[in-house]
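Number of protein chains: 2
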Amino acid sequence: MPDPAHPKIARPDHEILDVIRDRWSPRAFDADRDVADADLRTLFEAARWAPSSRNEQPWRFVVARRRQSPDAFAAMLATLTRKNQAWAAVVPVLLVVAVRTTHEIDDLVNSHAWYDAGQAVAFLTLQATAQGLSTRQMQGFDPAAVRAACHMPALYEPAIVMAVGYAGDPSRLAIEYHRTDEASPRSRRAIREFVYADIWDNPLP
Amino acid sequence: MPDPAHPKIARPDHEILDVIRDRWSPRAFDADRDVADADLRTLFEAARWAPSSRNEQPWRFVVARRRQSPDAFAAMLATLTRKNQAWAAVVPVLLVVAVRTTHEIDDLVNSHAWYDAGQAVAFLTLQATAQGLSTRQMQGFDPAAVRAACHMPALYEPAIVMAVGYAGDPSRLAIEYHRTDEASPRSRRAIREFVYADIWDNPLP
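Each protein sequence line maps, in turn, to chains A and B. Numbering (the numbering used here) for the first sequence: 7 to 211. Numbering (the numbering used here) for the second sequence: 7 to 211.
It should be emphasised that the hints constitute simulated quantities derived from the structure, not laboratory data.
Taking beta-carbon pairs under 7 Å as the criterion, some of the chain A residues facing chain B (in silico): (1) HIS20; (2) LEU23; (3) THR48; (4) PHE50; (5) PRO57; (6) SER59; (7) ARG66; (8) PHE67; (9) SER75; (10) TYR121; (11) ALA136; (12) GLN145; (13) HIS157; (14) ALA165; (15) ALA203; (16) ILE205.
Don't be surprised by glycine CBs; every beta carbon is placed ideally from N, CA and C.
Here chain A stands alone, though its shape is the one from the complex:
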């Protein structure tokens, strides 16, 4: 049960699922606490049941665990930007999310492949929240290096690299901006700024 006064807990205008309200993306992870095998599998079980275009499930995950596979973890870590490496070096798990960008049936472009992968990862992140785990998705990585590090076939594209673990002590973060960001409130557009009735820019009554 997270502290309801924590600055990252969403302040929704309408009552939403606990796991949506409580999910946020820390940079401070607990270096000493590993993710249990069964917990990790449950994350993928959650991703597994996401909907997708033609049920093609175009998402793939490559897992690098710091303790169990130090070489694979180091290779994955090295693909990140220096700023991401500064905090991600201590996380127990790094995940690559890869997207198959063509349909299996005809090799034509799957326009919804990235969209579907986003849905699967969203399910995974909410499942993680339910288990007390935290996640942070990163776009700051070298795609060619990720592809090489995990031997990703050409049919797939790396979408994000994600850190998974237990939230840790922000004061241990090396970069000052990362420390202050850890305590700044989350912000979002108001509903009227992204939901319209009937036609564009017409607010919901």
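Mind docking chain B on chain A? Use the hints.
Same frame as chain A, now just chain B:
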């Protein structure tokens, strides 16, 4: 509380969130049961708190309600394939999900815009499940017609059209395949088919 013996309830190999286990995409919706205003807003509140690249929240929603806005609803319905129209004509709410495909700060392509929209919609669908609502996402629509129907600016692309409402009686579906599909079990790849350890195709231990 859904019937645990319902063929669409996922049979997960690991314990997952109820809303993930119970979510599925019917075509049979209850024509007589509308979605309350507050329930609809809560869906967008859930979408609102999804993560996104640079927190740009590139998702937009256009809502067409059958009873409140029959003209807008009819215009949206007309953009769907004939097969989708066959079941979607009675749903209380149709939603267009639009994606802003460029970054706001520099107008460069946002490679993760569709991915992020998928995450927001995933949050929305799980929130809907928590409220006893069902959703079905459709790719079968005419994008130019959707753009015209809701006056969508050129900066945005329509990703999907979604039906929202309460699940209904499958025997009322006009197309036989739709009736039988409503009772067929959901299927997904096994975890070993989409999760790898360290490098591609290497199964998780």
